[in-house]
Amino acid sequence: MKSHWHETIQQYVDGQSSAEETVALFNGLNEDADLRALYLDYMNLDMALGAMADAVAVEENGSNRMTSLHEASVGALWRWAAAATAMGGSDPFRDAAESVQTRAHWPGRGRRHYFLAERDCAPRVRHHFRASSVDVADRLAARTSDNPAMIRAQARQQTLKQINTNQPL
Amino acid sequence: MRNLNDQHQIQFLRLFAEHEPALRTYIRSMLPSRGDALEVMQEVAVVLWQKFAEFDGSRDFRKWAFGVARYEVLAYLRDLARDRHVFDEALVHRLADDAAAAEPRHNAQREALEACLQKLKQAQRELVLHAYAKGTRMDELAARRGQTAMSLYKALHRIRQALLECVRRQLSAEGLP
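Here the protein sequences come in this chain order: V and W. If you read the first sequence in our numbering, its first letter stands for residue 83, the second for the next number, and so on. If you read the second sequence in our numbering, its first letter stands for residue 84, the second for the next number, and so on.
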């Protein structure tokens, strides 16, 4: 296989390829199974890097903390649990921690992931989150703290602030 | 005691969490950008949840989810095709079939990626993770780094190619295809 395909595929991944390059890539993908395998490997890498980046906290001093893929998947689980809550009108948070053995990762993290979920979701889904944000934040806070009353009040205040300003926490 | 609805939700979350990375790659394979893939992924998650009551637990969840995802991607591409050059339907099916068959390899690659990222120089690792962070605009990132967008893309290409070669090498060393 010609080495230029690495460059061509990556330009396409980044939305940087010209119309001619795009057509050449489409033709190549139709005809060449090895090229399709390379293309799919890049697509897998693209999504995996996105998931890794989600899980990394970049600190202000420029250093970063690499979290594991396991933690990334926990983050993803939170997002989709939140989506399920919003769409289903019920509460899958209740027992999911034990079911996936991620309880240790939850305290102090659940609310943040909920907000990330709300912020990142597609427009057609977002209004479901908006409708239930305060309620879910209250219930999450009650479950993830030894002092639920205080955290619940803070959660409500921060949630309302976040919704009103549309700013991530 | 958990009621049936609770158990239903737990079963869905467990299956979805297990297969979510595969589903993301599968959807990404058929779409032009990660943004498109993430949008369709959300739609697919919602549809899967809504249809989960119809899912036969004796069946393979991943195959069922891939089937739902393929349908959603095709619908999305039909809308997208009005404005952008996208894969034709035959190529989408070809890529979808290949992606489904390649999932064991892709899963192994995802597992190898963490070690390969750690092998990068710190500056390279920070660059790639910044580039993939939500909300990053490449032109702004390039300006902050005192680079042109083109040179930033070139650097990102080199890093991704190195990562891909690393994960492929690692799988090969383990006797995987």
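Some clues are possibly wrong.
Claimed, not checked - DEER-style ranges, computed between Cβ atoms:
hint : chain 1 : residue 1 : chain 2 : residue 2 : range
1    : W       : Gln205    : V       : Ser85     : 19 to 29 Å
2    : W       : Arg161    : V       : Ala115    : 21 to 31 Å
3    : V       : Ser100    : W       : Ser141    : 40 to 50 Å
4    : V       : Gln98     : W       : Lys202    : 18 to 28 Å
5    : V       : Gln98     : W       : Asp143    : 35 to 45 Å
Quick caveat, the hints were computed from the structure, so don't treat them as lab data. Think of the CB as a built atom: it goes at the ideal place given N, C-alpha and C, for glycine as much as any other residue.
Hint-by-hint comparison with the structure:
1. Between Gln205 (chain W) and Ser85 (chain V) the beta carbons are some 28 Å apart, a value that agrees with the proposed interval 19 to 29 Å.
2. A hinted range of 21 to 31 Å for the beta carbons of Arg161 (chain W) and Ala115 (chain V) is consistent with their spacing of about 26 Å.
3. Checked against the hint of 40 to 50 Å, the C-beta distance between Ser100 (chain V) and Ser141 (chain W) comes to roughly 49 Å, which is consistent with it.
4. At roughly 26 Å, the beta carbons of Gln98 (chain V) and Lys202 (chain W) sit within the given window of 18 to 28 Å.
5. Restraint check, Gln98 (chain V) to Asp143 (chain W): a C-beta distance of roughly 37 Å satisfies the suggested window 35 to 45 Å.
In this structure, every one of the numbered hints holds.
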